[in-house]
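**Q** Sequence:
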Amino acid sequence: MEIIKTVLDGNHYRYSFYPCVSSEQTLIFLLGALQDIESVNSFSKHFATKINCITIEIPGTGRTQNLASTVSIREQATMLHNLINYLGIKTAHIVGFSYATAIAVELCDIWPNVRSMSICGGVPGIPESGRLATKKMIAAAMDTSQRFAASFTESLTVRNHDIPKNEAIIRATKRSISSMSQDRIDMFFENSVRLLVHTPGNVQNIMIPCTICVGEFDPYVTLQTAKNFANQLKHGHLVVIKNADHLVHLQHPNKVAALMLAQAETQQTLLNTLACVS
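Going by UniProt numbering, 239 is the number at position 239 of the sequence shown; the sequence numbering is gapless.
The reader is advised that the hints may include incorrect statements.
Below, in silico cross-link-like pairs of lysine to any residue (SDA-like), each with a Cα-Cα straight-line distance of 20 angstroms or less [claimed, not checked]:
#1 Lys5 to Ile89
#2 Lys165 to Pro253
#3 Lys90 to Cys20
#4 Lys90 to Pro209
#5 Lys90 to Ser16
#6 Lys136 to Gln182
#7 Lys136 to Thr222
#8 Lys50 to Gln268
#9 Lys90 to Ser23
#10 Lys174 to Pro253
#11 Lys90 to Val21
#12 Lys50 to Lys255
#13 Lys135 to Thr199
#14 Lys135 to His198
#15 Lys5 to Ser44
#16 Lys45 to Ala258
#17 Lys50 to Ala262
#18 Lys50 to Val21
#19 Lys45 to Cys20
#20 Lys227 to Asn202
#21 Lys255 to Asn41
#22 Lys242 to Ile169
#23 Lys242 to Gln224
#24 Lys227 to Pro209
#25 Lys136 to Val158
#26 Lys165 to Ala150
#27 Lys255 to Ile169
#28 Lys227 to Val203
#29 Lys227 to Lys242
Think of the hints as simulated: they come from the structure by calculation, not from any bench.
Using the sequences and the hints given, assemble the complete structure.
**A** Laid out in structure tokens, this is it:
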């Protein structure tokens, strides 16, 4: 895995290519809060079994430089568009976790060449079900990393013996966040404030096929919240993953990877069939 760093217009990016020799399509993989290219490597590699994948940390995410919350979600999406143009990508499927949802939705408005959008555990803003939890996490982020880790896991998880590796994942997540640098926690703070004041205005104009995945017991992006988002999309399809909460990608990684790839894989299959017939 080679991670490339670049600066465009003073903004810092990290990205990594995962080529697929059997595909001419491109999938752009965007990350959730506290994720980085390294932590989602298994997903990127899975996507690349069917399609060329480029995993991107846009400015203000992952291990890039922090962005003040005065920079809007729309501006972050424009920064992503600038990188897409820089890389010469003509069309792409978009997949993303959680925080990336708002950016993906804005990109669909900025760039007409998105072919599909697949989201896991996200809506384009802070859901009503998650506003209080977000405020608590923001407050904890200004305290110690241990308090922030506790607030983060308490806000996004439930204790349920039907969820695979439930307690182990909660403990591991808490340990991982407790050891994060203050810069990473500050980034979460700025991104959360950014989302709190963001209002998407173009959801109903998105005409591409979309998949919205949500964990059955997600306390942050609830089932009803995800359903409302999917219903706003002209061609939105909601998938509920049983026995999962907001950390569904850790609890059911294979299922999540397959669902997020499904839209792109379907179009790739169609292209292959047409190529064989012609």
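**Q** So, against the hints stated earlier in the document, which numbers end up violated here?
**A** Hint check: nothing fails, all pass.
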